[in-house]
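A.B. asks: Quick note: the sequence shown uses my numbering, first residue 260, plus one each step.
Rather than coming from a laboratory, the hints here were simulated on the basis of the structure. Just so you know, not all the hints are guaranteed correct.
Here are the computed distance ranges between Cβ atoms for each label pair [to be verified]:
id, residue 1, residue 2, range
1, 565, 342, 18 to 26 Å
2, 292, 534, 20 to 28 Å
3, 333, 593, 24 to 32 Å
4, 499, 436, 27 to 35 Å
5, 570, 358, 22 to 30 Å
6, 503, 438, 56 to 64 Å
7, 466, 539, 31 to 39 Å
8, 305, 510, 24 to 32 Å
9, 345, 589, 27 to 35 Å
10, 510, 460, 17 to 25 Å
11, 436, 358, 25 to 33 Å
12, 522, 589, 26 to 34 Å
13, 403, 478, 14 to 22 Å
Every residue, glycine too, gets a C-beta built ideally from N, C-alpha and C.
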Amino acid sequence: MSENKNIRLLIDCFGGDNSPSANVEGALCAIERFNDLHLILTGDEELIKKELENKKADMSRIEIVHAPDIVTCNDKPTDAIRLKKDSSMMRAVRLLREDDSISGMVSTGSTGALVAAATLRIGRLRGVIRPAFCPILPTMNGGIVGICDSGANVDVTADYLQQFAIMGSLYLETVYGVSSPHVALLNIGTEETKGDNLRKEAFSVLRDTPGINFVGNMESRDLLTGKFDLVVCDGFSGNVLIKSTEGACLEMLKKLKKDISSSIINKFGALFMYRMFMREKEFMNYQNYGGSVLLGTSKVVVKGHGSSNADAVAKCIEQAYLMGTGALTDKIEAALDVSSDEE
260 MSENKNIRLL IDCFGGDNSP SANVEGALCA IERFNDLHLI LTGDEELIKK ELENKKADMS
320 RIEIVHAPDI VTCNDKPTDA IRLKKDSSMM RAVRLLREDD SISGMVSTGS TGALVAAATL
380 RIGRLRGVIR PAFCPILPTM NGGIVGICDS GANVDVTADY LQQFAIMGSL YLETVYGVSS
440 PHVALLNIGT EETKGDNLRK EAFSVLRDTP GINFVGNMES RDLLTGKFDL VVCDGFSGNV
500 LIKSTEGACL EMLKKLKKDI SSSIINKFGA LFMYRMFMRE KEFMNYQNYG GSVLLGTSKV
560 VVKGHGSSNA DAVAKCIEQA YLMGTGALTD KIEAALDVSS DEE
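Start from the sequences and build out the full structure, keeping to the hints where you can.
C.D. replies: Right under this line is the structure:
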């Protein structure tokens, strides 16, 4: 994959709250940034062409594949796969499975349908038990932290968590340049003896896993401290962790805004701190950090937030591009082969 002169990616242009405008605009931004990037846009051809009108774009590196149907969040994943074969998402999945020259896809559509289609139609890498989502959040020291899994697997085993740690570490190293990522296990306490039987078993497994930098348990309150680069957990806990953290940050911003508006003195003081407030707002804006990558599938899959704007879509494409140029899937497969041989 890394030897190809061009990285070819599919962009599902429908299904998100701001589709297709955000998807097309994000694609154009990505094309402008990466000279060796070739994009295939799937969706209603007429609507996509309308979005491309009067825009400066290198159309020699953009293809459009007509797919008039749309997978909605109300569609059951299995129904979407069986009944909506001409949807922008399923057409992209099919092309990704069939064309070896295409390294990955980006979608802001239904999470359930994308996970099901990626698992059943694209397939897992050799040795992967279950694919897992790994979104990124900012930390207080200016770094990032990945959470793996964040929703793909509600029920897990210690072996699952071990693979999440291996795949997540390689992702952070390949895409973000994090050397020897500090890996933590989400738990109710930092002591080795804390947690249920699963967490205790997982602690022992992770501690003895070569190739990862396991630093112990992590309590949820320490997620954004910057002490950890990757947190491994079951999908249920990970999803709650991310949403509660995002929700708390958003509510704090609302309260701050309300307090500023409560008096003339506060408003006057806020004028002098305007730039700082804007920096903090951007720091907590999830649109700046791309999407959740689905680690463990045989091709690159990036799931953007449903409300992604053009900048967020461009960031998702950047993630997929760097995973492709960095041959992440090959690295994961090789690492899991080594891990299984050493057991």
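A.B. asks: The structure should be examined with respect to each hint, and the outcome stated for every one.
C.D. replies: So, going through the hints one by one against the coordinates:
Residue 565 and residue 342 have their C-beta atoms about 21 Å apart, which keeps the hinted 18 to 26 Å range intact. Our hint of 20 to 28 Å for residue 292 and residue 534 holds, since their Cβ atoms are close to 26 Å apart. For residue 333 paired with residue 593, a C-beta distance near 40 Å fails the hint of 24 to 32 Å. Checked against the hint of 27 to 35 Å, the C-beta distance between residue 499 and residue 436 comes to roughly 29 Å, which is consistent with it.
One distance hint, 22 to 30 Å for the beta-carbon pair residue 570 and residue 358, holds here, with the actual separation near 28 Å. Taking the beta carbon of each, residue 503 and residue 438 are about 30 Å apart, not inside 56 to 64 Å as hinted. For the pair residue 466 and residue 539, the supplied restraint of 31 to 39 Å holds, since their beta-carbon distance comes to about 37 Å. As the Cβ distance of residue 305 to residue 510 is approximately 42 Å, the hint placing it in 24 to 32 Å is violated.
Remark: the range hint 27 to 35 Å for residue 345 to residue 589 is upheld by a beta-carbon distance near 32 Å. The hinted range of 17 to 25 Å is not satisfied by residue 510 and residue 460, whose Cβ atoms lie roughly 36 Å apart. Checking the proposed 25 to 33 Å range against residue 436 and residue 358 shows it holds: the Cβ atoms sit about 29 Å from each other. At about 59 Å, the beta-carbon gap between residue 522 and residue 589 misses the expected band of 26 to 34 Å.
Distance hint for residue 403 and residue 478: a CB-CB separation of about 19 Å, consistent with the stated range 14 to 22 Å.
Hints 3, 6, 8, 10, 12 from the earlier list are contradicted by this structure; the remaining hints agree with it.
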